[in-house]
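Participant: Listed here are the chains, written in short residue letters.
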Amino acid sequence: MIELLHVKKSFDDGASFAVADTSLSIARGELLALIGESGSGKTTTLKMINRLEDPSDGKILVAGRDVLDQNPQELRRNIGYVFQGVGLFPHHSVARNVAAVPELLGWSRIDIEARCREVCDLVGLPFDDYAQRIPSELSGGQQQRVGVARALAARPDVLLMDEPFGALDPITRAGLQEEFRRIQQELGLTVVMVTHDMTEAMLMADRVAVMLGGELLQVGTASELLNRPAHPYVTQLMEMPRRRAERLDALMREEG
Amino acid sequence: MNPVLTEQLLLLPDYLQGHLALTFAALGAGIALSVPLGVIAARSPRIRHPLLAVVSMIQTVPGLAILALVVALLGGQIGFVPAFIALTLYSMLPIMRNTVSGLEGVPSDVVEAARGIGLSPRQRLWKVELPLALPVVVAGIRTAAVWTVGMATLSTLVGASSLGNYIFIGIQTRNLTAVTVGSLAAAGLAIVLDALIGSLQWIAEKRAVGVAMRDLKRSTAFAAALSVLFSLALVLTLRPEPKPDFVVGGKPFTEQYILASLLTEQLEAQGLRVEQNIGMGSDIIFEAIGAGTVDLYVEYSGTIWGSYMRREGNPGRDEINRVTQRFVSEQGLNPLGLAGFQNRYALAMSRERAAQLGVSSVQDLEPLAAMLQAGGDLEFFGRSEWQRLQRLYGLDFAQELTFDAALMYTAVEAGQVDVISAYSTDGRVAAYDLLLLDDPREALLSYDALFLASAAASEDERVAAAIAPLLGAISDEAMRAANKMVDVDGRPVAEAVAYLRASLN
Ligand SMILES: Nc1ncnc2c1ncn2[C@@H]1O[C@H](COP(=O)(O)OP(=O)(O)OP(=O)(O)O)[C@@H](O)[C@H]1O
Ligand SMILES: [Mg+2]
Numbered sequence: 001m002i003e004l005l006h007v008k009k010s011f012d013d014g015a016s017f018a019v020a021d022t023s024l025s026i027a028r029g030e031l032l033a034l035i036g037e038s039g040s041g042k043t044t045t046l047k048m049i050n051r052l053e054d055p056s057d058g059k060i061l062v063a064g065r066d067v068l069d070q071n072p073q074e075l076r077r078n079i080g081y082v083f084q085g086v087g088l089f090p091h092h093s094v095a096r097n098v099a100a101v102p103e104l105l106g107w108s109r110i111d112i113e114a115r116c117r118e119v120c121d122l123v124g125l126p127f128d129d130y131a132q133r134i135p136s137e138l139s140g141g142q143q144q145r146v147g148v149a150r151a152l153a154a155r156p157d158v159l160l161m162d163e164p165f166g167a168l169d170p171i172t173r174a175g176l177q178e179e180f181r182r183i184q185q186e187l188g189l190t191v192v193m194v195t196h197d198m199t200e201a202m203l204m205a206d207r208v209a210v211m212l213g214g215e216l217l218q219v220g221t222a223s224e225l226l227n228r229p230a231h232p233y234v235t236q237l238m239e240m241p242r243r244r245a246e247r248l249d250a251l252m253r254e255e256g
Numbered sequence: 257m258n259p260v261l262t263e264q265l266l267l268l269p270d271y272l273q274g275h276l277a278l279t280f281a282a283l284g285a286g287i288a289l290s291v292p293l294g295v296i297a298a299r300s301p302r303i304r305h306p307l308l309a310v311v312s313m314i315q316t317v318p319g320l321a322i323l324a325l326v327v328a329l330l331g332g333q334i335g336f337v338p339a340f341i342a343l344t345l346y347s348m349l350p351i352m353r354n355t356v357s358g359l360e361g362v363p364s365d366v367v368e369a370a371r372g373i374g375l376s377p378r379q380r381l382w383k384v385e386l387p388l389a390l391p392v393v394v395a396g397i398r399t400a401a402v403w404t405v406g407m408a409t410l411s412t413l414v415g416a417s418s419l420g421n422y423i424f425i426g427i428q429t430r431n432l433t434a435v436t437v438g439s440l441a442a443a444g445l446a447i448v449l450d451a452l453i454g455s456l457q458w459i460a461e462k463r464a465v466g467v468a469m470r471d472l473k474r475s476t477a478f479a480a481a482l483s484v485l486f487s488l489a490l491v492l493t494l495r496p497e498p499k500p501d502f503v504v505g506g507k508p509f510t511e512q513y514i515l516a517s518l519l520t521e522q523l524e525a526q527g528l529r530v531e532q533n534i535g536m537g538s539d540i541i542f543e544a545i546g547a548g549t550v551d552l553y554v555e556y557s558g559t560i561w562g563s564y565m566r567r568e569g570n571p572g573r574d575e576i577n578r579v580t581q582r583f584v585s586e587q588g589l590n591p592l593g594l595a596g597f598q599n600r601y602a603l604a605m606s607r608e609r610a611a612q613l614g615v616s617s618v619q620d621l622e623p624l625a626a627m628l629q630a631g632g633d634l635e636f637f638g639r640s641e642w643q644r645l646q647r648l649y650g651l652d653f654a655q656e657l658t659f660d661a662a663l664m665y666t667a668v669e670a671g672q673v674d675v676i677s678a679y680s681t682d683g684r685v686a687a688y689d690l691l692l693l694d695d696p697r698e699a700l701l702s703y704d705a706l707f708l709a710s711a712a713a714s715e716d717e718r719v720a721a722a723i724a725p726l727l728g729a730i731s732d733e734a735m736r737a738a739n740k741m742v743d744v745d746g747r748p749v750a751e752a753v754a755y756l757r758a759s760l761n
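Protein chains in written order, with my numbering: chain A, 1 to 256; chain B, 257 to 761.
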């Protein structure tokens with residue numbers, strides 16, 4: 001569904017690469033987690049898929065078509081995007097924020113209203129309570145959920161999510177993760193999700209891609225990464241959940 | 257009520273309308289130009305700097321200079337158009353600068369999200385960037401509005417009527433009432449406009465954070481009031497004014513106001529529709545009569561000789577009259593004849609002091625000059641007439657002091673100076689009982705008052721009929737007494753006109 005072929009991105013005419021020679025293929029209906037330290041090129045990779053940035057070199061295909069051959073506005077309207085900075089329109093209500101893309105696509109008012117209700121309920125913001133609020137009247141986590149609802153509103157096949165659950169409390173977060181995973185599988189959405197949280201990546205993703213300094217170190221299922229790390233950074237990254245799990249295990253045994 | 261105040265208040269609707277029309281037209285054009293330019297500048301740093309630099313530069317040029325430049329660029333056209341252009345140019349900086357900074361202040365993650373969900377650049381501008389920048393843009397408009405109201409007062413000097421008419425004419429005629437009425441009206445207008453646009457700004461701010469219109473009742477009412485004012489001004493502006501048959505002009509001093517009113521009354525008595533355009537500078541009015549935007553005014557032979565022809569020397573009163581009238585005819589203007597009086601420079605002393613020193617003519621000053629103090633207005637000591645005076649009479653005063661005209665008269669009255677460069681028909685000559693010294697060697701130029709007409713006016717019999725009773729009919733004494741009524745006694749101009757009419761020879 002999404003294909004990156006030897007993609008490179010430099011912001012300084014080749015002196016350094018934010019993303020260096022990356023090839024990656026994401027199947028239809030797959031949820032890929034992109035993980036890596038700050039500045040490793042995750043957001044840049046995501047932005048190149050919907051042409052918020054154009055690659056310096058290489059090729060990106062979405063649904064078999066080169067993105068550079070497509071009108072960027074149309075491409076973006078067909079790809080849901082949850083932004084790292086949320087970026088809600090501060091002068092619009094929750095309802096209008098969520099309705100933004102369907103409006104651009106020319107949906108009827110009735111369809112838009114029904115769909116907004118659906119996605120708001122989905123992200124745990126009851127439409128009747130939240131529709132008329134403005135972003136500044138929401139908590140950070142609520143704003144983030146509106147961002148997710150906005151990305152889902154136009155029923156895209158492809159969803160790009162940049163740390164979509166970062167600002168949520170653990171319980172809401174876990175609930176939303178499960179809920180999201182359920183509908184993602186149900187609808188067969190193709191998703192690339194950037195996260196800093198290895199546990200989240202392992203629990204939600206079909207495969208995990210690890211980036212470091214613009215390089216794609218390894219792509220594989222959680223167990224592949226756990227059992228056959230291709231790089232010391234991957235090992236280090238997998239240590240964290242493993243140690244946490246062991247510690248929890250020990251704690252539970254003490255009780256029992 | 258005080259008749260002077262009544263006279264002034266009767267002028268208010270006209271001046272206010274002129275002022276509002278200028279302000280709103282210029283502000284509207286300023287917005288229409290500056291917001292798009294601001295958008296372009298915000299988009300392209302390459303354009304931004306030169307553009308803002310040019311607009312800032314316009315701002316640093318004094319308002320009066322801009323007006324004069326625009327008049328010159330339009331080939332001497334005066335009135336609404338040059339004032340409108342100058343005010344528009346002046347209003348641009350705050351609007352443009354605020355448009356740029358408003359757009360730059362839109363949070364970058366919001367702009368990125370707008371791009372990322374597929375808004376086109378145009379949609380981004382209209383749906384996201386401009387609404388979010390609007391409060392800052394409106395703040396710029398608010399600043400521009402206050403500036404424009406203030407600067408519109410200057411447009412009087414290029415012949416566009418505004419509240420500035422009160423101020424400039426008031427200063428020249430020492431009519432404190434007029435100055436006060438004009439200043440208060442201009443200040444009031446600025447305050448009202450500031451408050452109304454302020455409420456728009458408040459609404460824009462609330463809208464930018466998404467508050468629904470229905471929650472903004474109070475300021476919506478304000479905004480409605482503003483719209484009403486706007487439309488009112490527009491209607492007033494567009495109101496089809498009966499086009500006058502002729503425009504009577506005048507320079508910015510008392511004598512000219514009295515004469516312009518007299519001319520207006522004379523023409524109206526002939527059944528002509530007349531508009532007055534008074535308070536124009538010398539050069540502007542001379543160009544205006546050439547361009548036909550002014551039809552009739554009173555010029556002085558010495559001014560034509562010295563200022564327009566730039567001639568030196570003094571060939572005598574008759575020769576100056578002959579040469580200057582030929583000159584204006586060659587310029588396509590039409591001299592209709594002399595009024596009879598002269599308003600010339602003359603050395604003047606208090607009668608008491610003159611008697612004490614035994615002086616009655618400039619000649620008598622020669623042996624005394626080394627002990628005497630001379631006072632002149634701002635330009636007198638720089639004129640060639642003064643040099644000629646010194647040369648022909650061998651005058652060398654102990655000290656030459658330069659004053660504002662009003663202070664010059666009080667200085668000679670108080671004995672701080674002995675001799676001043678008075679104007680021969682100035683009302684204060686009579687009021688302070690000054691003696692005008694004879695000038696037997698004709699060092700000082702003659703300044704005969706001359707009726708000058710545009711081509712159209714000179715061909716009209718009714719104009720000729722209106723002027724006929726005035727030709728050669730106004731004496732120095734009558735003119736001086738009329739000036740005194742306004743300048744010294746604070747009487748309305750209309751009374752001075754009536755007096756002058758009664759004392760025609
Ligand atoms: N527009 C840009 N111009 C120049 N450099 C950029 C730009 N965008 C990103 N970079 C650089 O590219 C590198 C990768 O940035 P990117 O935003 O992709 O990191 P990230 O992995 O998303 O980090 P984080 O987890 O902190 O969000 C960084 O070194 C960053 O400074
Ligand atoms: Mg990032």
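Some hints here could point you the wrong way.
What the hints assert, rightly or not - Now the stretches of chain B that chain A is said to cover, found in silico as 3 or more residues with beta-carbon under 8 Å:
| hint | segment |
| --- | --- |
| 1 | 384 to 397 |
| 2 | 425 to 432 |
To be verified - Examples of chain A residues toward chain B, derived with CB under 7 Å:
| hint | residue |
| --- | --- |
| 3 | ARG76 |
| 4 | HIS91 |
| 5 | ALA95 |
Don't read these hints as lab results, they were simulated from the structure.
Virtual Cβ for every residue (Gly too), placed ideally from N, Cα, C.
Participant: Let me make sure I understand: some of the numbered hints might not hold for this structure. Which ones are they, in numerical order?
Facilitator: 2, 5
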